[in-house]
Each structure stands twice: as structure tokens, then as C-alpha cells.
Amino acid sequence: MVLLTRKIEFAASHLYNNPNYSAEENRRIFGKCNNPHGHGHNYTLEVTVEGEPDPVTGMVLDLKELKEILEREVMQRMDHRHLNYEVAELAGQIPTCENIALVIWNLLEPKIRQGRLHRVRLYESADLFADCYRNGASAGGKA
Amino acid sequence: MSVALRIELGRRYRFCASHRLHSAHLTEEENCRVFGKCNNPYGHGHNYVLEVSMSGEVDPATGMIANLADLDAFVERQVLEGFDHKSLNEEVAAFRDKVPTTENLCIEIFERLKTFPKAKLERIRVQETGNNSFEYAGENQEGNRP
Chain A
1 MVLLTRKIEF
11 AASHLYNNPN
21 YSAEENRRIF
31 GKCNNPHGHG
41 HNYTLEVTVE
51 GEPDPVTGMV
61 LDLKELKEIL
71 EREVMQRMDH
81 RHLNYEVAEL
91 AGQIPTCENI
101 ALVIWNLLEP
111 KIRQGRLHRV
121 RLYESADLFA
131 DCYRNGASAG
141 GKA
Chain B
1 MSVALRIELG
11 RRYRFCASHR
21 LHSAHLTEEE
31 NCRVFGKCNN
41 PYGHGHNYVL
51 EVSMSGEVDP
61 ATGMIANLAD
71 LDAFVERQVL
81 EGFDHKSLNE
91 EVAAFRDKVP
101 TTENLCIEIF
111 ERLKTFPKAK
121 LERIRVQETG
131 NNSFEYAGEN
141 QEGNRP
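Listed in order, the protein sequences are those of chains A and B. Once you know that position 55 of the first sequence is 55 in our numbering, the rest is easy, because the numbers rise by one and skip nothing. Once you know that position 36 of the second sequence is 36 in our numbering, the rest is easy, because the numbers rise by one and skip nothing.
Hints in this document: simulated from the structure, not taken from any laboratory. Everything numeric in this text was worked out from a predicted model, so none of it was measured. Among the hints, erroneous ones may be present.
What the hints assert, rightly or not - Cut-off 20 Å, straight-line C-alpha distance, at most; resulting in silico cross-link-like pairs (SDA-like, lysine to any residue): (1) Lys37(B) x Lys118(B); (2) Lys118(B) x Arg28(A); (3) Lys111(A) x Ala4(B).
Claimed, not checked - Partial chain A-side listing against chain B, Cβ under 10 Å, derived: (4) Phe10; (5) Tyr16; (6) Phe30; (7) His39; (8) Thr96; (9) Asn99; (10) Asn106; (11) Arg121; (12) Tyr123.
Ideal placement from N, C-alpha and C gives every residue a C-beta, glycine not left out.
Given these sequences and hints, build the entire structure.
See below:
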């Protein structure tokens, strides 16, 4: 099995606020991320697909096709958007790295027809990211 | 959701420390041969990057596996306070009689972080330089859950 990774970047704004918490609780739990006017990040998304290279083309999947899927499913939905207000899939959720990674997995997984989605890694900054895997899959791709 | 998914939170930290690779079980000449420049008696240092991966359920109320403030405070207390701007050989007890290679550093850091009470430590990665990095996930996956 070979793992193939493609990276894209998008910029978006968000804020963390749970309407079931008091204003004070929201500030205590979410800190600066609770600023009601929101803030933004340059997100980096790494999408890893697993599979066997096709004997004729030598490809796990056509990178062009993956690029188009990422453009359609992620860039058009999230780039230069407010994640709380403009992304239907995140409605009612706190748009943390964890939740955005899960949403992106669920958007991409049914669209990838050659190979199989292995990992979605979403960086909110260079020092913070979330990884999403199929349950039972190991980080190295052996399970 | 079409399949059961596993989610991990990754966080990077930085610390600067000095070390010297030297084993009391080897002769001067052997130390010099095995460790090369890293055996220089006055030691040298690195800007280490520590990557910590935690897994767990995403709390629907917060959208988080673990609150970053809790994780940051834990890593600060367990690792960074004792390692940053220190000599690993002289100031970290574990390296009094163990060579502070980044392999051993990984094991020591993993042991210090596996008791995080709010999520499961999956693995750590330590980057010694931009060209060298080391990963450790414990010896017993089941045993890592605090």
C-alpha cells in the first residue's frame, strides 16, 4: 500500500461559543477564542489517500481529480468564509480543529473513488492540528 | 457518519537544551568514535520541537478532545519547565546514567506525559533538528490509557 498526500491552504474566520453556557463560562472555557467578533486562521489541510498504484498509470489516484475534489468540497465551502455562519455542515457545532477535520473527512470520503481516504490532517496553526482516521487504522497505514 | 472515525489532537511545543552523548561504559576512544562531534566534552545544544498527539472523544459541548489550556499547562509542568534552557545531562535525573539521545528523550517525555488525565496519549515526536526526528508510542498501546 502507498500513501499519497496533497496539501491545500484556506483562510477562514471562526469563534467558539456554546449558547448553553453563560457568557462567563464561555469566556473561561474558550478564552480568546470566545471573542464575539471572531478571529481567523490560515488553515493547512493535508489529505492522505491510501492504495496500490495502478499498473498502467503508476498512480494511486489521479492528483488532478483529488485537486478538483478538494477545490469543490473544501475550498469553495470554507475559503474566505466564516465557519460559524457560512458552512452548513458545521451548524450547531463549535468549529474547532477536531470538528472541522471530521466534517472534511465526511465530505471527502464518499468522493474519493480511486484509493481510500487514509488521513485528514488539519492545521489551524503550525503548532496545532487535528488528525482524523478511520477507526482501527494505524498512523503508519498498516492496519 | 458513514464510518467510525478516530480523531487525534496534535500540538507542538519548543524547548532549547544542551546535551553531550557519552557513555560511561565505553572508553574515551570508543566514545569519540561512536558519538563523534556529539561527544565534545563541553556539550552542545538544540532547538527541540516536541509534537504531542492525544486521542479521545470530541466533547459536543466544547468541540474539543481536551482543552488546550489544560494540555499546555500539563506539558509545561511535566516537560518544558524541567527541560527548557537546561543541560539534559546535568539537570534531568533520568539522564544521569542514560545517554540523552533523542531516542531516550522520547521515552522519557512519553513517560512524563502518559498520565494526562483528560485524553489518551497516542505518541510523541521529537525533532532534534530540521533533519532528524524520532517518534515513540509506548511499548503497550493498551497500557497507555491513564
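So, going through the hints one by one against the coordinates:
Of the pairs offered as hints, the one joining Lys37(B) and Lys118(B) is violated, with about 41 Å between alpha carbons and a cut-off of 20 Å exceeded. In summary, the hint linking Lys118(B) to Arg28(A) is supported, as the alpha carbons are separated by about 17 Å, within the 20 Å threshold. For the given pair, Lys111(A) sits about 17 Å from Ala4(B) by alpha-carbon distance, which is consistent with the 20 Å threshold. The restraint placing Phe10(A) at the interface with chain B is violated, with a minimum CB-CB distance near 19 Å, outside the 10 Å limit.
Among the interface hints, the one on Tyr16(A) holds; its C-beta lies about 7 Å from the nearest C-beta in chain B, closer than the 10 Å criterion. Annotation: interface hint on Phe30(A) holds; nearest CB of chain B at approximately 8 Å, less than 10 Å. Taken as an interface hint, His39(A) does not check out: its beta carbon lies about 15 Å from the nearest beta carbon of chain B, beyond 10 Å. Using the Cβ-Cβ criterion of 10 Å, the hint placing Thr96(A) at the interface with chain B is satisfied: the shortest such distance is roughly 4 Å.
Below 10 Å, beta-carbon pairs count as interface contacts, and Asn99(A) has one with chain B at about 5 Å; its hint therefore holds. Nearest Cβ of chain B to the Cβ of Asn106(A): about 6 Å, under the 10 Å cut. The hint holds. With a least beta-carbon distance of about 8 Å to chain B, the hint placing Arg121(A) at the interface is held under the 10 Å criterion. Checking Tyr123(A) against chain B: minimum C-beta separation of about 8 Å stays under 10 Å; hint holds.
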